[in-house]
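S.K.: Residues per chain are reported as follows:
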Amino acid sequence: MSWIPVLALGGLLTFATRLSFIALLGRVETPDLLRRALRYVPPAVLSAIILPELVVRQGAVDLSFHNQRLLAGLAAAAVALRTRNVLLTIAVGMAALWILQALAAR
Amino acid sequence: MSAPPLPSTRRREFLAGCRDEAPILLGVAPFGMIYGLLALGAGLPALTAQAMSSIVFAGSAQFIATQLIGAGAPAAVVVATIFVVNLRHALYSASVAPYVRHLGTAWKGLLAYLLTDEAYAVAIHRYLRDGDHSEVSPHRHWYFLGAGVTLWASWQASTAVGILLGAQVPRSWSLDFTLPLTFIALVFPALKDRAAAASALAAGATAVLAFGLPYKLGLMVAAAAGIAVGLAVERASS
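Chains as they are written, first to last, in my numbering: chain F, 1 to 106; chain X, 1 to 238.
Don't read these hints as lab results, they were simulated from the structure. The C-beta atom is built at its ideal place from N, Cα and C for all residues, glycine as well. The reader is advised that the hints may include incorrect statements.
[Claimed, not checked] Covered stretches of chain F (in silico footprint by chain X; criterion: 3 or more residues with CB under 8 Å from a CB of chain X, positions within the stretch not fixed): (1) 13-23; (2) 31-40; (3) 54-60; (4) 63-73.
In isolation and in its complexed conformation, chain X is listed as follows:
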């Protein structure tokens, strides 16, 4: 194995985090714009649509919340669905926790706020690369911060662009279809084994069967069914 990288300053760590996040922005910026478009289409005021990008700050949850609001779902269902869709972030939290253990409360809070799919992917790659060489840099959290802030800024900016363009895109373009397409692209990497595939199939089938449930509760019922089936298959095959 090669020698660990040289110790770095806070500033250099921060900028390295920004730089490593940059290629991901290519994929994030279109989503931000589409979210802005869909949010206006669902009837949200521009300011609310923009605020959601910093209050919730989670692409897939924002897409779904927008769709539910447009379909007239009650507030409690919108909140519960945002919560369930974002539950995966607990995994990221568990994964980075050992690396930020030594930090103060304010740092932990700030990094938790910035812990999106994309910032996590970049930050954990760095932590895993360093392995046990925690002496490599005492400032690795600045790298995490750089990645997180870069993503945050581009998410806000692309949302704003989407909102500005929003009024000019006709419905016949069917841009709402980008929602399932995005999730189709994301679901395959999540199907790592038989249990995960069974979980996905069970949840998908349940969601179709439960489509008629009031208040758009089908998603929650389907998620619960999928998790239960995943756990059952895992137990049966171990």
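In isolation and in its complexed conformation, chain F is listed as follows:
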């Protein structure tokens, strides 16, 4: 099946979101609750994506030292917290993962 119609719908919704307040300003009052709720979208969505990627391995929660992605993710988080540098965070995280994988393969 082609994914194009699905992506077109997703793109249309994205465009509508970006246009929303630009188009509405001065015509409709923004509900206060909506404005406040929107502030929590970035932290909530980002961490909801991150945590399962690090913690869930082969369909089960794995908090052990054998979980390479969890360890590499923690290293990256330490870099992100200190430097706020996106590229450095990715570089350290990938390097950590590759080193852990190489060690485990020996």
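We have chain F; now place chain X onto it with these hints.
M.R.: This is chain X only, laid out in the frame that chain F set:
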């Protein structure tokens, strides 16, 4: 405070926007390439992968959509997830709205299409710098356009490079791991206060617990839980 900058022409505004967007491209180009790689890896045809970069035109949503498609999620979940991940753009829309209020419909539509994280960051910096000096330039939307178009072009080009390289990168490189790493880098600046941190923790924990939900619905449930907790903590501490 220093004197406001001299009034500028449309052309000069446009080029200034392009120039100020340029340093950000250093960070954007690798993402575009990785997206191209991952999209091919998820089984999307090259043309579809490239089209997504102009249809959806939002890095994080494209990453997630690609991952969901690869995992066999149904179409409705892909659409709903793109929508939720891109909801933050409503914040940007609200933020720039006063500055583009005087423009016509076509301009508003064009700038809304170009309103990505990176174009917003550059454009709003300019608007805030000018402050109330709207007389500084009647053509500031050309600056916004320059920043947006520059980002758009580099996103398309880097996607194409990723797709071209795609077939040659082995799975053992674990490049899919750049997805959570990117978001780890982005999440800390979003944790501005206790309510935001509580929101992130609640959403993350819910996402792990809800991992087994069918159709990859865990992300949506977790986002809703995170937003609810953020609002509750904000109310409790005010």
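S.K.: Please go over all the hints and tell whether each is borne out by the structure.
M.R.: Evaluated hints:
{"no.": "1", "hint": "13-23", "in the structure": "holds (count 10)"}
{"no.": "2", "hint": "31-40", "in the structure": "holds (count 7)"}
{"no.": "3", "hint": "54-60", "in the structure": "holds (count 4)"}
{"no.": "4", "hint": "63-73", "in the structure": "holds (count 3)"}
Hint compliance for this structure: every hint is met.
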